[in-house]
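These protein sequence lines map, in sequence, to chains H and S. Counting along the first sequence from 1, when you hit position 132 you're at 131 in numbering that gives the first Met the number 0, and nothing is skipped either side. Counting along the second sequence from 1, when you hit position 230 you're at 229 in numbering that gives the first Met the number 0, and nothing is skipped either side.
Incorrect hints may have been included.
[Claimed, not checked] Away from chain H, derived, C-beta distances all over 12 Å, residues of chain S:
hint	residue
1	H88
2	E111
3	L118
4	G124
5	G133
6	R169
7	Q173
8	R174
9	D183
10	E224
11	S225
12	V238
13	L303
14	R388
[What the hints assert, rightly or not] Taking lysine-lysine pairs in the DSS-like style, the calculated list, with each CA pair at most 30 Å apart, reads:
hint	chain 1	residue 1	chain 2	residue 2
15	H	K56	S	K108
16	H	K56	S	K199
17	S	K108	S	K175
18	S	K186	H	K56
19	S	K186	S	K40
20	H	K56	S	K40
If you're looking for bench data, these hints aren't it; they were derived computationally from the structure. C-beta: ideal position from N, C-alpha, C; glycine also.
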Amino acid sequence: MSTARDDILSRIRGALEDIPSAERSEHVAIPRRYNEQESIPHPELVDRFIARVREYKAQVRRVTQDSLAASIASACTARSVRRLLVPADLPPGWAPVAIELVVDRALTYEQLEACDGILTACTLGIAQTGTIVLDSGSGQGRRAATLLPDYHLCVIYDDQIVGLVPEAVARLNDVAHRPDRPITWISGPSATSDIELNRVEGVHGPRTLEVLVVETVRTATSTDG
Amino acid sequence: MKYEPLPTRPGIRFEDAARAALDNTQLRRNMGKATQTIRAKRAVVVEELPDWQALREAGRAIKERTIRHLDQYLLELEASVQRAGGQVHWARDAAEANRIVTSIIQAEKAHEVIKIKSLTTDEIGLNEALLEEGIEAVETDLAELIVQLAGDRSSHILVPAIHKNRSEIRDLFQRKLGHSNLSDEPKVLAAAARAHLRRKFLTVPVAVSGANFGVAETGTICIVESEGNGRMCLTLPRVLISIMGIEKIIPAWRDFEVFLQLLPRSSTGERMNPYTSFWTGVAPGDGPRAFHLVLLDNGRSRVLADPVGRQALYCIRCSACLNICPVYERTGGHAYHSVYPGPIGAILTPQLVGVANASSLPYASSLCGACYEVCPVKINIPEVLIHLRGEVVREKQDHPTPGGPDVEGLAMKFLSYAFSDRKRYERVQKVGRVGQRLMTRGGVIDRLPGQLGGWTAMRDVFPVAPQTFREWWSARS
Ligand code: SF4
C-alpha cells in the first residue's frame with residue numbers, strides 16, 4: 000500500500016504536468032524591488048520607533064545607561080510590581096534596588112505566574128512597525144517567562160533599533176535556523192477587536208507592555224569613526 | 000446547529016442562503032460596520048508604504064515559485080522540520096488528518112486539547128472528529144470561544160463573531176462560564192474569557208494550531224495573532240500539533256520580509272499584529288517537548304492541476320478581499336456555506352470540492368475587480384471566477400439535471416435583489432459617506448472611496464490594469 004506521502008507527492012507532480020520539466024525553482028524570478036533599508040538618520044529612527052510603540056498603547060520611555068537600574072525600579076513601583084521575574088542571565092547593572100527579584104531557574108508555570116512582572120532585554124526593535132523582537136538570546140528569558148506575568152518591562156538600546164522589516168528579518172537569519180532559539184515579535188500588548196470591533200488591549204499574556212529605550216553610550220572612537 | 004465542514008452542502012445554493020442573510024438586519028448591520036472599519040484601517044497603513052506594489056509583486060512571485068515546485072519544497076520542509084526535532088505527517092484528506100491528530104492526542108492520554116483559530120482545522124472538521132473520540136477541543140480565540148459556546152458558526156475569517164453583539168455575548172458568558180453579573184463592557188467580557196482560558200492554558204497537555212507559514216529552508220513555522228492565546232498554546236502544553244495546508248509553505252526565511260509586511264497590513268490594518276511567533280522544531284527547555292507537523296492535501300492537489308485556478312493557492316488568508324467585496328458585505332460569511340467565505344471562498348471552495356458540488360459559488364460575485372486590487376499576493380479572483388463559470392457550464396452540459404437550477408439566472412436575480420432595492424441602496428450610500436469620512440486624512444480622500452461609488456467606478460474600468468508597462472516588460476524578460 001502506498002503511503003500518504005507518496006500519494007500526495009505523485010498527485011502534485013501529476014497536477015504540475017504543464018510546468019516545463021527543465022524549469023528549476025530558481026528560474027521563477029522574484030522581483031525584490033521593495034525597500035530593504037531605511038535611509039533616514041538614526042536619531043529619527045529612534046523617534047519613529049518610540050512613536051509607533053506608543054501608538055499600540057504600550058508605555059515607552061527614554062532613559063540613560065546611568066539611570067537604567069533606577070528607571071527599572073521606578074517603573075516597577077509605578078505598576079505596584081513587588082516580585083519581578085528576571086532571566087538567569089540578566090545583564091549586570093540592571094537589577095533594581097528594593098524590588099524582590101525572582102530568578103527564573105526552571106521555575107514552574109505556577110511560580111512564573113505568581114510574579115507581578117518580567118524584565119527582559121530584546122534582540123532588536125523595528126522602527127517602521129514599533130516592534131520589539133525576542134530571539135531567546137541573552138537576557139531575554141524563555142517564552143513562558145514573558146507570557147505568564149501580567150507586566151512585561153523590556154529594555155532596548157537605541158543602537159538595536161533598525162528601520163524596516165527586511166532589516167530585522169536579515170539580522171534574524173542565523174537564529175531562525177536554530178531550534179533552541181524560538182523568536183517572538185511583539186508589537187504592543189495583546190489586543191482583541193472581537194466584540195463589536197471595540198479594541199481591548201490586554202487579553203492573554205502581559206496586559207501591560209513597557210519599553211525603556213536606553214541611549215547608547217558611544218565611546219570616543221565610535222563617534223569619531 | 001451542526002457545523003458543516005467542506006464539502007459544502009450540495010443542495011444549498013448561495014443565492015438562497017444569501018437571501019436569508021440579507022433579511023437578518025443585525026447581521027447586515029454588524030457586517031457593514033466590520034468591513035467598513037477594517038477596510039478604512041487597511042487603506043491608511045497600505046497608503047503609508049511607498050513600495051506596496053513592489054511588495055505585492057514579490058509576494059505573488061514567491062508564491063508562484065513555491066506552487067510551481069511544491070513537491071520539492073515540501074520535501075525540503077519535511078527534512079528541515081525533522082532535522083530540528085519535529086515529526087512530519089502527511090494527510091491525503093480530512094479523515095486521514097483527523098485520524099493522525101486523534102492518535103497523537105490519545106498517545107498522550109489527553110481528553111482535552113486547546114486550539115488556536117485555524118481555518119484549516121475548521122475545513123477538516125477536526126473538533127467534531129475529536130468529539131467522536133471523546134476529546135474536547137477548546138477554542139481559545141475570543142471570537143472562536145464565543146462561536147463555540149453558542150454552538151454557532153463563524154461569519155468572517157478575521158472576526159468570526161461579528162454577527163453577535165455585546166449583550167448576546169454577555170448573556171452567553173453568564174450562561175456558559177458561570178458568571179452571575181457581568182457587564183457588557185468589552186473589557187469586562189475579555190477579562191472573563193482571560194480568566195476562563197488561563198486555567199486551560201496551564202493544564203491542558205496538547206495544543207492544536209494551524210500555520211500561517213512554514214519555511215522550507217529552515218523548518219520554521221510561523222503563527223501571526225493578536226490576543227496572545229496563540230503564544231499560550233504554542234508555549235505551555237507539552238505537545239504541539241500544527242496542521243498546515245501544503246500551500247502554506249514559503250521557500251526561505253528571507254521571504255518573511257515580504258509576507259510580514261503584506262499580511263498584517265492587509266488583514267487587520269495594522270503595521271504589525273501584536274504577536275508573531277516563530278519556532279523551528281523543538282527547543283530544549285522552552286515550550287513543547289514534542290512538535291508534530293501535519294501536511295494536508297484535502298483537495299489542494301486538485302486545485303493545483305488547473306493552471307488558471309491554482310493561483311487560489313497563493314492565498315495568505317488576510318481577508319482583505321472579503322472586506323472589500325460588495326456581495327460579501329451584504330450577505331456575510333454564512334451564505335457561502337464553506338469555511339472559506341467571500342471572494343477567495345468563491346474560487347477556492349468549488350475547486351477544493353469540485354465545481355459540481357458548489358456550482359453557485361462562482362456566481363457569488365459582481366466581477367467588480369476590487370478583490371484583485373486589494374489582494375496582497377495579486378490573485379486575479381475575477382479571472383478565476385470567469386474561468387470557473389465556464390467549468391460550471393461545461394459540467395451542466397456534460398451532466399444535465401432535468402429541471403435543475405439555472406445557476407446564472409438565479410445568481411443574477413440575487414445580485415439585482417442585493418443592489419436594486421431602494422432602501423438598501425440608500426443605506427449603502429449612507430454607509431459610504433461615513434466610510435469616506437473615516438478614510439479622509441488631511442483633507443484628502445483615500446483611494447478607497449465609499450463602497451457603492453467604488454463598486455460602480457471599478458466596474459466601469461474592469462478589468463483593472465494588472466501591471467504598469469514597465470512591470471509587464473520586466474516580468475517578460
Ligand atoms: S485571496 Fe488575497 S485578499 Fe483574499 S484572503 Fe487571500 S490573500 Fe487575502
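Results of checking the hints against the structure:
The claim that H88/S is not at the interface with chain H is violated, since a C-beta of that chain comes within 12 Å of its own (minimum 8 Å). Once the 12 Å rule is applied to beta carbons, E111/S is consistent with being away from chain H; the minimum gap is 17 Å. Annotated as non-interface, L118/S keeps its C-beta farther than 12 Å from every C-beta of chain H; the closest such distance is 16 Å. Every beta carbon of chain H lies more than 12 Å from that of G124/S, the smallest distance being close to 18 Å; the non-interface claim holds.
With a closest Cβ-Cβ approach of about 25 Å to chain H, G133/S is found to remain outside the 12 Å limit, as its non-interface label requires. Distance to chain H contradicts R169/S as a non-interface residue, since its nearest Cβ pair spans about 9 Å, not more than 12 Å. Distance to chain H confirms Q173/S as a non-interface residue, since its nearest Cβ pair spans about 15 Å, more than 12 Å. Against chain H, the non-interface label of R174/S holds: every CB pair exceeds 12 Å, the least being about 16 Å.
Against chain H, the non-interface label of D183/S is violated: not every CB pair exceeds 12 Å, the least being about 9 Å. Its closest Cβ contact with chain H, about 8 Å, brings E224/S to no more than 12 Å, contrary to its assignment away from the interface. Distance to chain H contradicts S225/S as a non-interface residue, since its nearest Cβ pair spans about 5 Å, not more than 12 Å. Consistency note on V238/S: stated as away from chain H, and its beta-carbon is indeed over 12 Å from all of that chain's, at 15 Å minimum.
A beta-carbon of chain H is positioned within 12 Å of the beta-carbon of L303/S; the least distance is around 4 Å. Against chain H, the non-interface label of R388/S holds: every CB pair exceeds 12 Å, the least being about 22 Å. With a C-alpha separation of about 42 Å, the suggested pair K56/H and K108/S falls outside the 30 Å cut-off, and the hint is violated. For a cut-off of 30 Å, the pair hint linking K56/H to K199/S stands: about 28 Å separates their Cα positions.
Distance check on the hinted pair: K108/S and K175/S sit about 26 Å apart at the alpha-carbon level, within 30 Å; holds. A distance of roughly 15 Å separates the Cα atoms of K186/S and K56/H; the hinted pair therefore holds under the 30 Å criterion. Distance hint between K186/S and K40/S is fulfilled; the C-alpha atoms sit about 22 Å from each other, no more than 30 Å. Restraint check for K56/H and K40/S: the C-alpha separation of about 17 Å stays at or below 30 Å, so the hint holds.
Of the numbered hints stated above, those contradicted by the structure are hints 1, 6, 9, 10, 11, 13, 15, listed in ascending order.
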